[in-house]
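Asker: Its first residue numbered 115, the sequence shown is counted upward by one per residue in our numbering.
Since the hints were made in silico from the structure, they are not lab data.
From the three backbone atoms N, C-alpha and C, an ideal C-beta is built for every residue, glycine too.
Label-pair distances were calculated between CB atoms; the ranges are:
| hint | residue 1 | residue 2 | range |
| --- | --- | --- | --- |
| 1 | Arg242 | Val363 | 34 to 40 Å |
| 2 | Phe377 | Val338 | 22 to 28 Å |
| 3 | Val420 | Asp378 | 55 to 61 Å |
| 4 | Phe381 | Glu187 | 17 to 23 Å |
| 5 | Met506 | Tyr372 | 30 to 36 Å |
| 6 | Val528 | Tyr372 | 39 to 45 Å |
| 7 | Glu159 | Tyr243 | 55 to 61 Å |
| 8 | Val420 | Phe381 | 50 to 56 Å |
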Amino acid sequence: MIGVTLAVLLAILAVGVPVGATIILVGLITGHIYSFLPIHVVSAEIGWSTSTSYVLTAIPLFVLMGELFMRSEIANRMYSSLSMWIAWLPGGLLHANIAASAMFSATSGSSVATAATIGTVALPQMERYDYNRPLFLGSIAAGGTLGILIPPSINLIIYGAITQSSIPDLYMAAIIPGICLAGLFSLIAVVASLIVERRHKRVIERFSWKEKVSALRNLVPPLVILGIVMGSIYGGIATPTESAALGVVAVALLALLYGTLSFDVLFVAITNTVRITGQLMLIVIGAYILNFALTSIGLINAITSVIHQAGLTPMEILLLVIAIYLVAGMFLETLSMMVATVPIVAPIILGAGFDLVWFGVLLMVLMETAMITPPVGINLFVVKGVYPKGRMMDIIVGAQPFVISMLMMIAILVVWPDLALWLPSVFK
Numbered sequence: 115m116i117g118v119t120l121a122v123l124l125a126i127l128a129v130g131v132p133v134g135a136t137i138i139l140v141g142l143i144t145g146h147i148y149s150f151l152p153i154h155v156v157s158a159e160i161g162w163s164t165s166t167s168y169v170l171t172a173i174p175l176f177v178l179m180g181e182l183f184m185r186s187e188i189a190n191r192m193y194s195s196l197s198m199w200i201a202w203l204p205g206g207l208l209h210a211n212i213a214a215s216a217m218f219s220a221t222s223g224s225s226v227a228t229a230a231t232i233g234t235v236a237l238p239q240m241e242r243y244d245y246n247r248p249l250f251l252g253s254i255a256a257g258g259t260l261g262i263l264i265p266p267s268i269n270l271i272i273y274g275a276i277t278q279s280s281i282p283d284l285y286m287a288a289i290i291p292g293i294c295l296a297g298l299f300s301l302i303a304v305v306a307s308l309i310v311e312r313r314h315k316r317v318i319e320r321f322s323w324k325e326k327v328s329a330l331r332n333l334v335p336p337l338v339i340l341g342i343v344m345g346s347i348y349g350g351i352a353t354p355t356e357s358a359a360l361g362v363v364a365v366a367l368l369a370l371l372y373g374t375l376s377f378d379v380l381f382v383a384i385t386n387t388v389r390i391t392g393q394l395m396l397i398v399i400g401a402y403i404l405n406f407a408l409t410s411i412g413l414i415n416a417i418t419s420v421i422h423q424a425g426l427t428p429m430e431i432l433l434l435v436i437a438i439y440l441v442a443g444m445f446l447e448t449l450s451m452m453v454a455t456v457p458i459v460a461p462i463i464l465g466a467g468f469d470l471v472w473f474g475v476l477l478m479v480l481m482e483t484a485m486i487t488p489p490v491g492i493n494l495f496v497v498k499g500v501y502p503k504g505r506m507m508d509i510i511v512g513a514q515p516f517v518i519s520m521l522m523m524i525a526i527l528v529v530w531p532d533l534a535l536w537l538p539s540v541f542k
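Let's have the full structure, built from the sequences with the hints guiding it.
Answerer: Pasting the structure below:
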């Protein structure tokens with residue numbers, strides 16, 4: 115049964131059918147072959163109830179917030195300010211790439227948008243200051259992955275909707291691991307740059323303290339946006355959806371203040387928001403249809419039963435799940451992999467005694483790893499798109515040291531789950 119489902123999935127993807135449509139077709143075909151229920155009859159109701167979910171209405175708002183932020187001068191000013199303060203460290207602007215990615219992630223919720231935006235801003239500096247190309251490109255690809263971990267992550271919203279987990283709890287649980295992972299990225303950047311710069315000395319630009327202090331004002335806008343979005347949620351003022359709307363208003367006002375808000379900017383931002391939201395929602399609807407089909411044929415219960423009968427300990431089950439995601443992430447697109455597997459994996463993880471909020475954070479790190487792991491690491495292709503004259507092999511080679519950071523973060527979360535669960539418990 116599983117073999118037939120996977121064969122159908124791969125065959126449809128191979129002929130170029132979009133991922134969302136593919137998942138829907140697989141659900142309908144699987145249900146038609148194996149289920150005693152008419153899956154096609156309820157698919158319309160599933161699609162309608164999913165697309166009108168109040169929780170998921172936050173997605174287009176967060177996408178729009180990121181689009182407006184990306185098209186204002188805020189990202190450029192933020193990157194310049196960060197580079198003034200931390201370019202003297204071993205690794206120089208690699209740290210600015212990572213820090214800017216972390217801050218932009220707090221406004222976009224998307225890894226692809228983060229990598230594309232920071233790449234556009236940072237890449238001119240790579241050649242200007244003669245940085246090691248693979249390492250610089252790799253830091254952008256890796257830093258961009260923070261978009262699906264650091265709140266307001268769109269992937270966490272989708273995970274919460276699928277597992278019926280609290281979105282505020284998921285956001286709170288992701289904050290400390292997100293900061294720690296950014297720190298581990300910087301640690302890798304220091305070690306790698308010290309090795310590289312023994313043979314390759316880069317140019318370092320010096321700034322006065324007056325210039326540095328003056329530049330700090332450019333870091334205020336992203337912090338204000340983060341404060342409005344997260345503060346309104348945990349202050350009990352707004353739901354995640356309402357906080358996203360507040361974030362859109364805040365970014366629009368800041369863009370207006372900078373003089374970058376125009377009809378053309380709004381048109382492009384709204385058009386891209388509609389396109390991206392449509393793509394995301396088609397995948398989510400497909401996941402719900404596939405989940406309904408798999409549940410109706412008893413596959414989820416059968417898999418759970420097989421695992422329990424195998425006599426695996428909870429830790430062995432968890433390590434098996436991690437291994438499967440690490441391997442599958444090399445070949446599958448992350449969001450579609452997540453929405454197709456979480457309905458199956460979440461009951462197994464819950465049955466093994468693990469917290470679903472904690473697992474959500476762990477899963478995001480696994481998804482991040484997949485985003486820079488060849489051959490289908492999406493952020494590798496994003497950076498290549500932003501820097502077309504670069505070689506794909508340079509991006510792949512430069513990104514792999516940062517995979518070590520992600521594997522370290524996975525191990526830390528497994529050994530010390532309170533790293534993710536402590537903050538939500540404080541705000542209970």
